[in-house]
Amino acid sequence: MAHFTKATSVKDWLNQRLAVEKLEKVMASEYWIPKNINFLWAMGMVLVITFVLLLVSGIFLLMYYVPTTAEAFNSVNYTIMREVDFGWLWRHVHGVAASVVFLIIYIHMFTGIYYGSYKKGREMIWISGMLLFVAFSAEAFSGYMLPWGQMSYWAGMVITNLFSGGSLHADGLVEWIRGDYVPAQAFLGRFFMLHVLLIPVAILGLIGLHFGALRIPHVNNQDGEEIDFDAEAKKYLDGDKAGSKVMRFANDFMSKDMMVVGVYLVFFFYLVFYNYGFAMDPVNFDPADGLKTPTHIYPEWYFLWSYEILRPFNIDLGLILFAFAQVIFVLLPFLDRSPNAIPANRRGKAFAIWFWLMLANMIVLTAMGKLPPAGIFSQIGLVSAILFVVQWIALPFITAREKKV
Amino acid sequence: MKNKEPIILLVVIFFTLVTYYLVEPFAHSQMHKHVESEGFEYADLPAMTKTGDAAKGQELVMNAGCAGCHSIEVAGMPAPMDAVMAAGAYGVNPPDLSNAGAVFDPKFLADLIKNPAHALKVEHKYDPAAGKMHPMVAFYGMGGDIDQEVADMVAYLQSIAVKKEELTPKVAFETACGRCHAVGYEEWTQIGEKPKFKHEKDSLAFDIKVIDYQDSLMKYMGKLPPDLSMYIRSRGEHYISTFVENPQNQLHGTAMPRVGVTPHSMEKVIEYLEDAGDTKRHEREAIGKNVMIYIIIFAIFALLWKKQVWRDLH
Ligand code: HEM
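Residue numbers (the numbering used here), protein chains in the order written: chain A, 1 to 405; chain B, 406 to 719.
Accuracy of the hints is not assured; some may be wrong.
[Said to hold, decoys possible] The calculated label-pair distances, taken between Cβ atoms and stated as ranges, are:
1. B:S564 <-> A:M63: 51 to 57 Å
2. A:L197 <-> B:E441: 44 to 50 Å
3. A:I376 <-> B:T456: 53 to 59 Å
4. B:E571 <-> A:V66: 36 to 42 Å
5. A:M63 <-> B:K409: 41 to 47 Å
6. A:N314 <-> B:K624: 40 to 46 Å
7. B:N520 <-> A:H169: 40 to 46 Å
8. A:N275 <-> B:P451: 40 to 46 Å
9. A:V201 <-> B:H529: 56 to 62 Å
10. A:N275 <-> B:K409: 26 to 32 Å
11. A:A360 <-> B:K409: 43 to 49 Å
[Said to hold, decoys possible] Far from chain A by the CB rule (all over 10 Å, computed), these chain B residues:
12. L414
13. S442
14. Y447
15. A472
16. D532
17. V567
18. K569
19. L572
20. P600
21. A610
22. I616
23. P652
24. Q655
25. E672
26. E688
For the record, the hints were derived by calculation from the structure and aren't laboratory data. By construction, the Cβ of each residue, glycine as well, lies at the ideal position given by its N, Cα and C atoms.
The following block holds chain B by itself, in its conformation from the complex:
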């Protein structure tokens, strides 16, 4: 009698794979528009033509009034208002600029300083002609060459920021996303990490501040930006990075600005989200390898046992 098992196995595998292909890769390719990353190059923004001077930049940043809205803690400049008040004034708390030079792309920063709504790609919401101004006021120059002045400020921000290798996932996330998005599983709220309070009263007082902040943010954005705790599982890395690179590509008309991160800080942001929503990925890999080895050994023993038992049956 001919052994038909190999062909039966092939038939089973064939139909299984066809079904898998149709309901997974194929169906998803039909349901979701695939957006390719542009490498965080921000090709629509003009290249920087001037080399900046950090010392001059420091002075310019003081005079341009950046610190009137932003804190720059490494330079000893605290926030002019607490987060809740700032959100009441601007809709959102302007982020601390200590590490802006490391998190954001220089070309993006230069454009942001000159024209925030343009760099942030929220021009559909703001129209200076109609008196609808972006809450971050644009910098119109201090009398010199504006491009040189902007380049100097960018150089200053880069000089005070942590080095690329030292940028932690947490700092990248807080600087780029933390003012809008909570990440409950990491205890992160829009006004900072929620401390462990001894008294429930203090804890509730903190929660009320968060709610006040969120109310302002909701007014500013039109909706509350979602808690990103599980987004690494619900959206996946590819979607999140291409969305952050240019939110308008994926959700046309969305209120989320283009935040202008560098590819390196995007990786750090992703790592932060993985720590929140896929915390055990390293353990999974390590244990996966061991389980596979164990199971393969089990299968080999099962095969040998079968061979032995069946020797007398033929």
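The shape of chain A in the complex, shown without the other chains:
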């Protein structure tokens, strides 16, 4: 058994039991961060802050939300929006944060791709990140069911229908998921449970894994430079702060994180108070009505690109490609065969084009996913969807031919 002595201070008392000093060093003051990184590396912290905003606002909403098909719509639109003090504020914060979190996730992902931060020991960071993406997607979708408006109902209908597997006609599976023939009370109850308990718990666990995965490889940097962290840390601790290539996470990089968070929050609250419409679809302010199909059914903007990969094809091929799009990003560390872990623009023409084309094409897919699938839009959608698949198939070949720079 460990030897405990009479504590000389509260800190010492805690130190003997929890090793708080050591913990503080490992996680903050001697968690070394390269200096040559830019504000894109603060997106992780921005995500943490946004997640906290979601969690806190969600807890307040949960106090008044009623998960029954008869009361859900009114509990949100009447009780929370009109009766509860500041209920409207929590709802708008929650809705806007749920949308903006995906914007930041996409920026964070493309930062990772651009700088090759999924390679050379950082594979687990990437994989845990993609698991977070999947968990956030499930969280966003289940949350969207809760107000029980027209879009909740019909998006729920369309997405759960996908599980019938096209020609497989696995209608039994769809009914099993819904607990009914159509989305109804059982469906709402299940998604409520997923949204407020199971998925948030999974997200908390995954955030822990993501951070754990970061600790050993350390974060990448904007030059893809391999840094000898021990040597540089020693330099820093010996007093050559300016000459060392690394800095402490806290307070050094954290002060920059906070600066970026400050600017981000200005943008975020501007959206909450003055431009929240994009995050709260008007159609969902009509109560769910199983007899009245809305003219246009579309998912929230962050699912549009993968929805558009499903749409242009016949149902079976569409489903296969949709499934492909869902998992392919996870495999990125293994599909990229290049020996380089440096910014995309310095890896040679082929990968630079691949990267910018992928980004642009996903924006095109996103736009086409919302537009009515007719005329020129459905043709653009078809070409973009094919291009997306072709790009991923081509990736191992073009990266294998890349020369070491």
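Starting from the known structure of chain A, arrange chain B with the ligand on it as the hints suggest.
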């Protein structure tokens, strides 16, 4: 080492704005037909050529039988039937005319009195030749100049109505929309505001009356007009005003009549719907300003802190 952050920021903002533009303004412009307001001018209706005399109008309104169907409460004329019975007879309860002169456009009223189906733009549903008459009977004149008589009646309705500045959102809504649309979040039903009952029995009896009324209305309109509680969020102000101005422009063949409100009473109706579905808008603006100030101060302090911490790092 060159500082690349400004250019990176520009790239991020550029792609974000392009995406936003495509999925919001652009996609919506492609999905919904944009209808411009015509300023509630009702240009298809003939202009009024005569100046009305309210005193003569009062007599005409009595003789023309308006009060046989409508109540005019300010003039001491109660409804001949209760709302449920009236709906049984006409399909809908004819609105109280006390403030019709303030809510409806005069040109519209004149045309309505002479030819309801025309003014209301529901001629696709009614055809006198085939014996399908609009439930509000047209006024065929009392022997004099019909245009003068109509102008007199309009002048009378205007004389008894509240002044423009005194028109409340509630009165505007009840007169123009309330006979067809419920607004549950304001306790409004088609037969009036639901009172707070002490006994559940009375409350249920009231609900049954509402259901009876709605049954008649559904037969008359072909469908139950929707509860408008959240329409300010689901349709937005622009859509609602242009829809009310001319429902046929947006939903061709719809049973909802053109109700003929003035632009001012449309604003009041919108205000009523905002009170129902966007109740906290004033609070949002006030709090928004304070939060923005607070956050900007926070951002400035964060920036200063970063500058201080990083001084030794270069
Ligand atoms: C939504 C929840 C997420 C949170 C809270 C989160 C948080 C963080 C944090 C705090 C960092 C370190 C700081 C930084 O480099 O930005 C980080 C790094 C990283 N994250 Fe995430 N992340 C999330 C989702 C994702 C997703 C969806 C991906 C993509 C698959 C991802 C991939 C990465 C990668 C590759 C790094 C390492 C960056 C580098 O080494 O340069 N993360 N994350």
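- [ ] Check each numbered hint from earlier against the structure, then list the numbers of those it violates in ascending order.
- [x] Result: hints 7, 11, 12, 26 break, sorted rising.
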